[in-house]
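Student: Working from the sequences, and respecting the hints, build out all of it.
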Amino acid sequence: MPYRAHLLVCAGTGCVSNRSFEVMSALEREIAERGLEDEIQIVPTGCNGFCERGPIVVYQPDGIFYQQVGVEDIPNLVEEHCLKGRPVEKLMYVPEEGELPIPKLTDIDFFKHQRLIVLRNRGLIDPEKIDECIAADGYTALAKALTEMTPEEIIEEVKASGLRGRGGAGFPTGLKWEICRRSPGDVKYLICNADEGDPGAFMDRSVVEADPHSVIEGMTIGAKAIGASEGFVYVRDEYPLALKRIQIAIRAAEEYGLLGDDIFGTGFSFHINVVRGGGAFVCGEETALIASIEGRPGRPRSRPPFPAQVGLWGRPTNINNVETWANVPVIISRGSSWFASLGTEKSKGTKIFSLVGKVVNTGLVEVPMGIPLKTIVYDIGGGIPGGKELKAVQTGGPSGGCIPKSLIDIPVDYERLTEAGSIMGSGGLIVLDEDTCMVDVAKYFLGFTMDESCGKCTPCRNGTRLMWDILDRITRGEGELEDIETLRELGEGIKVLSLCGLGQTAPNPVLSTLNYFMDEYKAHIEEKRCPALVCKDMIEYWIDPEKCVGCLLCLKACPTGAIIGESKEPHQIIQEKCEYCGVCYDSCPKKIDAIVKRDRTRVPAETVSV
Amino acid sequence: MSWEERMVRFTIDGRDAEFEEGTTLLEAARALEIDIPTLCFNEAVSPYGACRLCVVEVTAGGRKRLTASCTYPVEEGIEVVTDTEEIRDARRLILELLIAKSPDADYLRQVASSLGLEVTGKYSFHEEEQNDCIMCGLCARVCAEVVGTAAIDFAQRGVDSRVVPFFSRRSEACIGCATCVTVCTTNYLRVEDLHASEVAHVWDHQDDERRCLLCSGWGIVPHFHDDPAALLGITEPNGSASQPAGGSE
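For the record, the sequence lines run as chains A and B. Taking our numbering, the leading residue of the first sequence gets 1, the next gets one more, and so forth. Taking our numbering, the leading residue of the second sequence gets 1, the next gets one more, and so forth.
Accuracy of the hints is not assured; some may be wrong.
[Said to hold, decoys possible] Heads up, incomplete: computed chain B residues facing chain A, CB under 8 Å, no partners named: (1) V55; (2) L66; (3) A68; (4) Y72; (5) A90; (6) I94; (7) L98; (8) K101; (9) P103; (10) Y123; (11) F125; (12) A150; (13) F154.
[Claimed, not checked] From the derived model, a few chain B residues whose C-beta atoms are all more than 10 Å from chain A: (14) F19; (15) A44; (16) G116; (17) D153.
Since the hints were derived computationally from the structure, they do not count as laboratory data. Owing to the predicted nature of the structure, the values given are computational and were not obtained by experimental measurement. Beta carbons are placed, not taken as given, at the ideal position from N, Cα and C, and that holds for glycine.
Tutor: See the structure below:
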């Protein structure tokens, strides 16, 4: 290779939003100006995973991890590292507690505990260049599947691997394929579900952005196994970069004869079409997704018949999620027993989580199944920022539940999360700290499913609306004790009676918080108190006259003019005018810290407004 | 579809049953004179499974669950139970949820009392969100499947969902047959003069006066015209909403 070094610039959506493309152009200019273009190659890669630290540039072969790189850092970076060989400390990752910078990516805790299988090529290859994918062993599994294996052998291999659907339900993938293969009919379809919509989740987007060929390869192997000649990738329309990259990848694979007619000269043909999603969360549900591809409104229908029997345009159809498809090539090339050696008894392989919320290191992590939740939150995630206490971890998105701090040691797999009253779901992992109100969290997630309910079946449409109303009342301090029983009754009813998975899981955030955080519900209802001081109708802001220096910052920031006072005199909040927006609280300088958020029902007698 | 008639054996309320493949549980039950209540079901259109009032308990492969009988095709070896305390509770909840949004729809209370279910009416939507539409979708479904016009369809999502002509504009496709009005479960749909409004059928009504779309006459719906020329009149604004004409019942 002519290049002595590579600069891997993250070009995933997170870093791109942080202007990584501009960083890349600046690098190109600088490298060219110094005449290094024949020595150093710049490679735009898929999502590196450590999104919070973007834009990210990794210098290889040294393995130096540069974070939060700006255009203004480029001349120095090129001068120092590329020319003089001195890594730039200023751009290195520093763990929170004022530690020494950690130069190497592999030494950073965030990366150390991960196990990359699906994301094996993340941050390493240019996802828009098929040659780079092939250089990283891309399409070797397809060659093996098409030239050495029968459809039955492929299905057996996937079954033996123990791979389960990564979209949420965890249905065994090999079994799903087998059912579709055995379903009568000469025309069958394959669908890749890339309609990721859980709040705070971006696993599938990153897989498609970082390694679209792994999805295409997995689908083509699946097509051979099932006997399908046409496939569809249903991509959420809000993912323009993923959309672009999968289209580029399909075109490149077709040009190379790795997709299309007579693949590898084996006589096997498979075509993939890209369909842009219609913008509804419920289209992630199999039957709604099929309706959407057919051009009808995305509304689910009853199952059975299952898509494997009656699917797209009435033909047997197999739907798997992005991450599931991307697992397939590795299983075929490295073998089912290798794959099955990872994980727990019933949950094999790895799982990608989007780790977000009140955690120091947010981003995308791939970990072996069965890893303790604690390892994800504390070792990879670096714990809770600001010295706060962990309260719970919300998993599985709006269909999931909250796992309380007391269960932080549980191993993360399908069974254990379900036992804990949550679900694996597609892999959203939201860390909640002591400042989070659990009733408010339940209301947020239920509000999401209520809005996204298609409105077809009675329990989901009317039931979620009624539950949300009750939660809203409770957070406004108007709850009654019997509301708790009503929430349970409605929640259990909606779960059992709803038509599709959206309604059947919508009450989970409420039921799981009722289960673990009853004390918070009771505080809201009986004492009209929000323990986390979140619910606006139960708190007030108060300026401590002892601490206030009269800087006027809060006074100027207050949108309702509720703060009065003279310069250098302690200010005061007129409670009647206050809208509880918290702008004053945020505007007060940290070292002054004069504004107190406190429980409205327990205002000390001597400070009642004059 | 295969022409061979494959028979499927299963049990329903303890009785052995044998039906042709593709038969739904609801059809099977009705053939056996087992009563299962429905709201969104109508023989004229394909099953929809939305109201969930027809839930029954199905045990398949050792797994027991409640499911809508109108959409569930009979399966070999399943056990079906159509009336248990749990099923009655479920149906009561469904009616309570519907009444929460449509408290004035008398039909729902009639159904409840005919089933011997006591509905409390303890749940309630905000007043401005209440109306008699229970989203059974029969109007839109007959329009598409029976009349073949598809002049109306669902719009919006969740509690905001409703049936409207496309873009809520007067529909050129509507032939004014009033079949939608005929099938409306709760008598929410009324026929009203087309020319005065932008919509083909108006979904709300202030009084009991209703007008025929075809002839602009006052009358009780539905009534029928056999003069095809009358159809031409419906898209022609006649300028006057109050002009009485012939053709009433």
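Student: Let me know if the C-beta of Y123/B comes in closer than 8 Å to any C-beta of chain A, holds or violated.
Tutor: Holds, about 5 Å.
Student: Using 8 Å as the Cβ threshold, decide whether A68/B counts as touching chain A.
Tutor: holds (6 Å)
Student: Could you check that no beta carbon of chain A comes within 10 Å of the beta carbon of D153/B?
Tutor: violated (8 Å)
Student: With 8 Å as the cut and Cβ atoms as the points, is A90/B at the interface with chain A?
Tutor: holds (6 Å)
Student: Against chain A, with CB atoms and a cut of 8 Å, does the hint on A150/B hold up?
Tutor: Hint violated; A150/B Cβ to chain A Cβ min 11 Å, cut 8 Å.
Student: Just double-check F19/B for me: nearest Cβ-Cβ distance to chain A has to come out over 10 Å.
Tutor: Label holds. Min Cβ-Cβ 15 Å, cutoff 10 Å.
Student: Classify the hint on L66/B as holds or violated, based on whether any CB of chain A lies nearer than 8 Å to its CB.
Tutor: holds (5 Å)
Student: Beyond 10 Å on every Cβ pair: is that true for A44/B relative to chain A?
Tutor: holds (18 Å)
Student: Quick check on the hint: P103/B CB to chain A CB, less than 8 Å?
Tutor: violated (12 Å)
Student: Identify whether the interface hint at I94/B stands, where standing means a beta carbon of chain A within less than 8 Å of its own.
Tutor: With a minimum Cβ separation of about 5 Å from chain A (threshold 8 Å), the hint on I94/B holds.
Student: Looking at G116/B again, its CB stays over 10 Å from all of chain A?
Tutor: holds (19 Å)
Student: With chain A as the partner, please determine if K101/B meets the hint condition of a C-beta pair closer than 8 Å.
Tutor: holds (5 Å)
The structure shown violates the earlier hints numbered 9, 12, 17.
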